[in-house]
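K.L.:
What follows is the residue order along each chain.
There are 6 protein chains.
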Amino acid sequence: MTDTWLPSLLTATPQEGFELAITLSRRGVKYTQPDVATLKKLRPEYADSADGLTAASQVIALNFQTVAAANNYWRG
Amino acid sequence: MTDTWLPSLLTATPQEGFELAITLSRRGVKYTQPDVATLKKLRPEYADSADGLTAASQVIALNFQTVAAANNYWRG
Amino acid sequence: MTDTWLPSLLTATPQEGFELAITLSRRGVKYTQPDVATLKKLRPEYADSADGLTAASQVIALNFQTVAAANNYWRG
Amino acid sequence: MTDTWLPSLLTATPQEGFELAITLSRRGVKYTQPDVATLKKLRPEYADSADGLTAASQVIALNFQTVAAANNYWRG
Amino acid sequence: MTDTWLPSLLTATPQEGFELAITLSRRGVKYTQPDVATLKKLRPEYADSADGLTAASQVIALNFQTVAAANNYWRG
Amino acid sequence: MTDTWLPSLLTATPQEGFELAITLSRRGVKYTQPDVATLKKLRPEYADSADGLTAASQVIALNFQTVAAANNYWRG
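Protein chains in written order, with my numbering: chain F, 0 to 75; chain X, 0 to 75; chain L, 0 to 75; chain A, 0 to 75; chain E, 0 to 75; chain W, 0 to 75.
I should point out that these hints are in silico values taken from the structure, not numbers from a laboratory. Owing to the predicted nature of the structure, the values given are computational and were not obtained by experimental measurement. Hints may contain errors.
One copy or two, either will do: identical chains are not told apart, so a pair holds if it fits within one copy or between any two.
Below, in silico cross-link-like pairs of lysine to aspartate or glutamate (EDC-like), each with a Cα-Cα straight-line distance of 16 Å or less [claimed, not checked]:
no., residue 1, residue 2
1, K39, E15
2, K39, E18
3, K40, E18
4, K40, D2
5, K29, D2
6, K40, E15
7, K29, D47
8, K39, D50
9, K39, D2
The task is simple: from the sequences and hints, build the whole structure.
P.N.:
As structure tokens, this is what we get:
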């Protein structure tokens, strides 16, 4: 990918950090499967499945560990 | 989401930190599937399944690692 | 939950720390499914299944990482 | 369990640390299912299954992270 | 493998670090199954599967934790 | 096992560290199932399966986290 989508891991608040973790999780999917039509077709497979949603939340948790550490946990 | 639900990772006690980890785990699901009716429909799929509950507990464990580190493990 | 079940992450020994990690893992399940009768019914699903037991051990391992770090690995 | 099986996370060598990680992984299983006959019966389910063995190796990897950190990676 | 593919974990930007994490994830697969024809044949199994893509994103998240720590989170 | 296979976690380069992470992942399997004939028989189950390869890459990622930390990320 040639566009810049991740200039920094720093965010102003924990909540923005959590949302960055979601972006990272989606980018991990998109790098593996860049075809947008396929991604759209697969959405119900995980978004309407308890297992799929828990797995998505797990990836977000892993990426949030990274973003939170980068921000020194927004300790102030 | 425009509401503020995560102003800080700091909590007064380890137990509140664990409960924040649960909130983070649920938010990870909700960002992926915002439709409340779908989420309600899927609840039995994981809450009445041993595998689903173990997977949920795993996501909580990952988020608790983050919250506990943010709080310096409440070492006092 | 209103009772206090996690006043501290500190334990006297690594073994007590491991047992606290088990408590955390079970609490992760119980917060997700508070109904004790359902939990009892589901027990054979994981306790008599190799996959279920390995998954349980994985959650314990994650929580033990947190407890061990909190205790500076009981280096003394 | 009343016996002492984990007096310390410190080991003389990385290899002993890896073996301690295996012990921790097995203990996680045994605390969840203490019945030895059941554990014996389940053994082929994971020891003769590629997925089961990879999952077992994953739990060992998580516990080895803990043991290695406790020992400052045996940097000497 | 005799070629040099990983001279350093350092990258100029977080985004290059994320892309290095993808490389590490693919290399983990390739060391396990070096046969390129088999890998090509298996691609639809994960790239057209929601579970497969989430699992791929999870491995990337784990490797990104390593790369980000190596780079001190590009704090500058 | 009585042979010495892990004298140190230190390696000269990140790439050798990644290869050590692969060794650790395989050893985790081999300690659980020491029978070489069984291991050979199971190889197609994971090496010809997208899920199996992703899971293998995940264990390698976890062990690489440990090896990379041990080597201070080869920052030099």
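K.L.:
Next, verify each hint and record whether it holds.
P.N.:
Verification of the supplied hints:
{"no.": "1", "hint": "K39 to E15", "result": "neither (25 Å within a copy, 26 Å between copies)"}
{"no.": "2", "hint": "K39 to E18", "result": "neither (20 Å within a copy, 23 Å between copies)"}
{"no.": "3", "hint": "K40 to E18", "result": "neither (23 Å within a copy, 25 Å between copies)"}
{"no.": "4", "hint": "K40 to D2", "result": "neither (24 Å within a copy, 30 Å between copies)"}
{"no.": "5", "hint": "K29 to D2", "result": "within (13 Å within a copy, 27 Å between copies)"}
{"no.": "6", "hint": "K40 to E15", "result": "neither (28 Å within a copy, 29 Å between copies)"}
{"no.": "7", "hint": "K29 to D47", "result": "between (19 Å within a copy, 12 Å between copies)"}
{"no.": "8", "hint": "K39 to D50", "result": "between (18 Å within a copy, 14 Å between copies)"}
{"no.": "9", "hint": "K39 to D2", "result": "neither (21 Å within a copy, 27 Å between copies)"}
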